[in-house]
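**Student:** The chain contents come next:
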Amino acid sequence: NAGVMQNPRHLVRRRGQEARLRCSPMKGHSHVYWYRQLPEEGLKFMVYLQKENIIDESGMPKERFSAEFPKEGPSILRIQQVVRGDSAAYFCASSPTVFTGGTDTQYFGPGTRLTVL
Amino acid sequence: AQTVTQSQPEMSVQEAETVTLSCTYDTSESDYYLFWYKQPPSRQMILVIRQEAYKQQNATENRFSVNFQKAAKSFSLKISDSQLGDAAMYFCAYRSAGNQFYFGTGTSLTVIP
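Residue numbers (my numbering), protein chains in the order written: chain A, 1083 to 1199; chain B, 21 to 133.
By construction, these hints were calculated from the structure, which means they are not laboratory data.
It is possible that part of the hints are untrue.
[What the hints assert, rightly or not] Below, a list of computed lysine to any residue pairs in the SDA-like style, where the Cα atoms sit at most 20 angstroms apart:
| # | chain 1 | residue 1 | chain 2 | residue 2 |
| --- | --- | --- | --- | --- |
| 1 | A | K1126 | B | Y45 |
| 2 | A | K1133 | B | N119 |
| 3 | A | K1133 | A | H1111 |
[What the hints assert, rightly or not] Cβ pair distances, simulated, as ranges:
| # | chain 1 | residue 1 | chain 2 | residue 2 | range |
| --- | --- | --- | --- | --- | --- |
| 4 | A | S1140 | B | D101 | 22 to 32 angstroms |
| 5 | A | R1146 | B | L104 | 21 to 31 angstroms |
| 6 | B | S116 | A | R1195 | 24 to 34 angstroms |
| 7 | B | D51 | A | S1112 | 32 to 42 angstroms |
| 8 | B | P133 | A | R1104 | 36 to 46 angstroms |
| 9 | B | A92 | A | S1148 | 23 to 33 angstroms |
[Stated by the list, open to error] Per the computed footprint, the stretches of chain A lying under chain B, defined by three or more beta-carbons under 8 angstroms from a beta-carbon of chain B, are:
| # | segment |
| --- | --- |
| 10 | 1142-1153 |
| 11 | 1161-1175 |
| 12 | 1188-1198 |
Ideal placement from N, C-alpha and C gives every residue a C-beta, glycine not left out.
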């Protein structure tokens, strides 16, 4: 069972361009989470998605950022008109279906390091 | 909102010795889960150990164990027989009933040969 896949691993964009980050969850996982990690800081929650639904986007900036998890294909985190402050590592995690009272652990991908020039 | 606090930005330990990393959290929930993740220089996040709040028994995973004090809202990680490969950032995390995860700011562990 392959782990969580993220691509690209490194992405370089110039200011004003768009960045698209992809995440393929582990097989059988229907929950996807995106986190941002700035240098020397911990992970900050951005958005939580299930297939075709955004469950919680309270950590995602209202402007320029969007996320989707279509019925088919990977989850996409999209950043429009990138600025230097968007430079960070973006981690995706997935978890299996939540059962009431059951354990639910997140499994992380290797991350995408976005550099904005 | 839940908060997770790691008060030790950096720790060091001699190889083969034992080290304890601290974590406290704030919550009004009674049912939740706690985790320790390791992030080596490769930046990948690796699950180290997890604890269900309803279980009184402390979780153990080989050389890694936790000291879970629910009343004190404390969840420390003990690493025994430290190895060079244990050097990494360690993040404490809380999973709420709403399935959102909250992470601490991390503790950087150095293992001294």
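**Student:** Which hint numbers does the structure go against, in order from smallest to largest?
**Tutor:** Checked against the structure, the hints that fail are numbers 4, 5, 7, 9 and 10, while the rest are satisfied.
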